[in-house]
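If you read the sequences in order, they're chains A, B, C and D.
Our numbering puts the first residue of the first sequence at 1, with every later residue one more than the last.
Our numbering puts the first residue of the second sequence at 197, with every later residue one more than the last.
Our numbering puts the first residue of the third sequence at 393, with every later residue one more than the last.
Our numbering puts the first residue of the fourth sequence at 589, with every later residue one more than the last.
No lab work stands behind these hints: they were computed from the structure.
Note that beta-carbon positions come from the ideal geometry of N, C-alpha and C, so glycine has one too.
A couple of the hints might just be wrong.
Examples of chain A residues toward chain D, derived with CB under 7 Å [stated by the list, open to error]:
id : residue
1  : Thr-19
2  : Leu-25
3  : Gly-54
4  : Thr-98
5  : Val-154
Cross-link-like lysine-lysine pairs, in silico, BS3-like; alpha carbons within 27 Å at most [what the hints assert, rightly or not]:
id : chain 1 : residue 1 : chain 2 : residue 2
6  : C       : Lys-418   : D       : Lys-614
7  : A       : Lys-26    : D       : Lys-735
8  : C       : Lys-539   : B       : Lys-222
9  : A       : Lys-26    : C       : Lys-537
10 : A       : Lys-26    : B       : Lys-222
11 : B       : Lys-222   : D       : Lys-733
There are 4 protein chains.
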Amino acid sequence: MRTGRLEAFSDGVLAILITIMVLELKVPEEPTFEALRPSLVGLLTYLLSFVYIGIYWNNHHHMFQLVRHVNGAILWANLGLLFMLSLVPFTTAWMDDTRFAQLPVVVYGINLLGAAVAYYVLQLAVFRRDGPDGLLRQAVGRDLKGKLSPWVYVLGILGSFVSPWLGMVAYVAVAVAWLVPDRRAERFVHDHALED
Amino acid sequence: MRTGRLEAFSDGVLAILITIMVLELKVPEEPTFEALRPSLVGLLTYLLSFVYIGIYWNNHHHMFQLVRHVNGAILWANLGLLFMLSLVPFTTAWMDDTRFAQLPVVVYGINLLGAAVAYYVLQLAVFRRDGPDGLLRQAVGRDLKGKLSPWVYVLGILGSFVSPWLGMVAYVAVAVAWLVPDRRAERFVHDHALED
Amino acid sequence: MRTGRLEAFSDGVLAILITIMVLELKVPEEPTFEALRPSLVGLLTYLLSFVYIGIYWNNHHHMFQLVRHVNGAILWANLGLLFMLSLVPFTTAWMDDTRFAQLPVVVYGINLLGAAVAYYVLQLAVFRRDGPDGLLRQAVGRDLKGKLSPWVYVLGILGSFVSPWLGMVAYVAVAVAWLVPDRRAERFVHDHALED
Amino acid sequence: MRTGRLEAFSDGVLAILITIMVLELKVPEEPTFEALRPSLVGLLTYLLSFVYIGIYWNNHHHMFQLVRHVNGAILWANLGLLFMLSLVPFTTAWMDDTRFAQLPVVVYGINLLGAAVAYYVLQLAVFRRDGPDGLLRQAVGRDLKGKLSPWVYVLGILGSFVSPWLGMVAYVAVAVAWLVPDRRAERFVHDHALED
C-alpha cells in the first residue's frame, strides 16, 4: 500500500488543526489596546500550540520519507496520533480562557504526553512492519530527544501542581528543543543516497 | 478519468470532518474537574465519530486502490457518501448535547445507516463501471461485514426506542468490528501482484 | 506552469466550503422532533448548496483535464470563482435563517449568478491562453447548458420578487439539470484518445 | 528532501485561511437591506484579505517552482509565513467589527508587514540553501516590488495615526500592485527552458 494518501490525509488534518486554533482567539470588542491585551496572551498560547503542530508535521514528514509501505496497524496508529493532536485546540483554548489555571495546564501537558506516546506507537508500528533492518529504525538510532520528551512532560505535569508556570516552562522547553528540526532522517537519506 | 482528484477531494472533506467535530466540544468555563466532566463524555462521543470517519477513510482508501477509472455516476455516488458523512458532526453534537436522549440516538443511527447505504451505492457504481470482472468485485467477495453492518444499525435504531444505550452498544459494536481494517483489498493486491 | 497546485488548492477550498456549511446547521436544543424540524428545512437548503458546490467541483475537474498550462490570468480567474463560491455558506445561512424571505432568496440567486459568470470568465481565460485550437474550446462546443443557466438564475431572481418560491424552483431546476454530469470533456477525451 | 509535501501542507493552510474568513461574516438577522449593509462592508474587507492570501499563494506557487530541495530552515521559515498569514482572519475581523477604528487598522498593517517580512526570510532561507547561483536568486533579480511593499505598509501604519483611511489606501494599493502576478519566475522558467 502506498504512503501517498496517508501523507495527504495527515497533511490535511494538521493543516486544519494549525489554522482553526486562531478561530478560538476572541476578537476584542473595543478598538483599544486594553481590549487587545487578553488576545496577546492568547496569541502566545496559540504560538506555542502552532509550534507543536509544526514540530509534529515536520517529524511526520521526515518519518514517512523512510516508510515505503503502510499496513492497517500503521494507518490506525497514525489516526491515533491525529486524534491526540486534534484535541490540542480544545486544551489550548481552555488553558488560555482560564489564564493558565492549574488543572487546564495539567490537562494540556497530558495532551502533549498523549501525542508523544501516540507518535512513539506509530514509530513502533513502522518498526514492526519493516523488520529489524528497516530504514526508519536505523535512522532513528538512539532517539534521545524522543525518549526524554515524555519525561519532561511528566515533570511539567507534576510541576504544575506546585505552580502552573513550572508546567509552562517544561512545555516551552520541549518545543524549543524540537524547533531544531530532526536532522537524523535527513542525514540518513543523505548518507545512504544510493538506497534512495 | 483519473481517480487522483476524486481521492484528493475526498481526503480533504474527510480530514475537515474529522477535525471540526472537536470544535463542537464546549470549552469548560471553570478550571475545575466538575466543569470538565461533560467535556469528557463529549470526548468519548467525539472519539466514536472520529473512529467512524477513520473507518470510512480507511475503506475508501482501500476501495480506490482497485478503481482505475471514474465516471459521472461514481463521482456523484462519492459525493453522496461525503454528504452523509458531513452530517455526522451535526448528529454527534445533538446526541452529546442532549446526553444521549432517545431521538438524537435514533437520528445518529439513521445517519450511520445512510452512510453505509451510500458506501454500498458507491461500490455498486464501481461494479457497474468495471463490469463483471472488475478488480473491486473480485476483491470484495462475499462482503459479510459490509452486509451485516446496516442490519446492526437497524437493530440499534429499534433498540433505542427501548433504551438509547442499546443503540449506543450497537453503534460501538459495528465500529469495533471495522477497526480491524479491511484486509480484503490488501490481500487481493498482494495475491494478484502481477496485475498491479 | 503546471496545473497540479491550482487543482490541489481549488480542491482544498471546495472541500472546506462543502463541509463548513453543516456548521451553520443549528443543533436543536431539545431532543424532540419539534426542535429538529427547522434543522430539517436547513438540511434541504444545505443539500442544495452542497449539490451546487459538487457541480462546480465536477465541472472544474473536467475543465482542468483539458488544460495543460496555466498563466496569471487563469490563476486569478480561478480565485474569482473560488471567491464567489466562498460566499455560498453565507448566503445559504441567511436564506435558511430567514426561512426563505424575499431579499435573501434574491441575494442567493445573485450569488449563483456571480459564480456562473466567474466560471465563464475562467473558461474565457483558458480559451485565450490556448488559442483558437485549444482542447477545451473544442470540447465545450456550443455549451447550451452553460449559456442558459445564467438566464434561469436571472428569471429566478426576478421571480423572487413575485414569490421567493419561484426563485427556489429556478435554482433547484438548474441544479438538477447539472446533476447530469458534463460528459462533453469525458467524451472528448475518449474520442481524441490519441491526443491524451 | 522533496518540496511536494511542503507545498501540499501550505496549500492546505492557505485554502483554509481563505475560506474561514467568510465564517466571520455575521449573517444578518433580518431579511432587509438595512440588516445586510454592515455585511456588505464586511464583504469588502473580506475581499481585501482574500486577495492578500491569494497573492501569497500565487507568489508561493511561483517561488517553489524554482526550489528543488528543502531543509529545516526553509521548513520553519515557511511555517513562520503561515503563522503570520493565519492571523489575518483575526485582524480582519477586528478591523471590520470596529468599522476601521484606528488601532485595528494599525494592527492589520503590522500583520501585513509581518507577513511580508516572513516571506522575505523564507526567500533568504532558499537563497542560503541554494548558494549564489540558485535559480530563485537569479529569477527574483532586483525584486523592486518586494522591497517597496514593506515600506508602503509602514507608511500606511503611520498614516493610520492621522486617519485610518490613509492606512486602508496604502494596504489596498499594495494589493493592487501585486494583483498583477509576479511574472519573474514564469519568465525565468520560460527563458531557461533547458534548465527545467
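Structure-based check of each hint:
no.: 1; hint: Thr-19; verdict: holds (4 Å)
no.: 2; hint: Leu-25; verdict: holds (5 Å)
no.: 3; hint: Gly-54; verdict: holds (5 Å)
no.: 4; hint: Thr-98; verdict: violated (20 Å)
no.: 5; hint: Val-154; verdict: violated (27 Å)
no.: 6; hint: C:Lys-418 to D:Lys-614; verdict: holds (15 Å)
no.: 7; hint: A:Lys-26 to D:Lys-735; verdict: violated (33 Å)
no.: 8; hint: C:Lys-539 to B:Lys-222; verdict: violated (47 Å)
no.: 9; hint: A:Lys-26 to C:Lys-537; verdict: violated (45 Å)
no.: 10; hint: A:Lys-26 to B:Lys-222; verdict: holds (15 Å)
no.: 11; hint: B:Lys-222 to D:Lys-733; verdict: violated (45 Å)
Violation of the numbered hints given earlier is confined to hints 4, 5, 7, 8, 9, 11; the remaining hints are satisfied by the structure.
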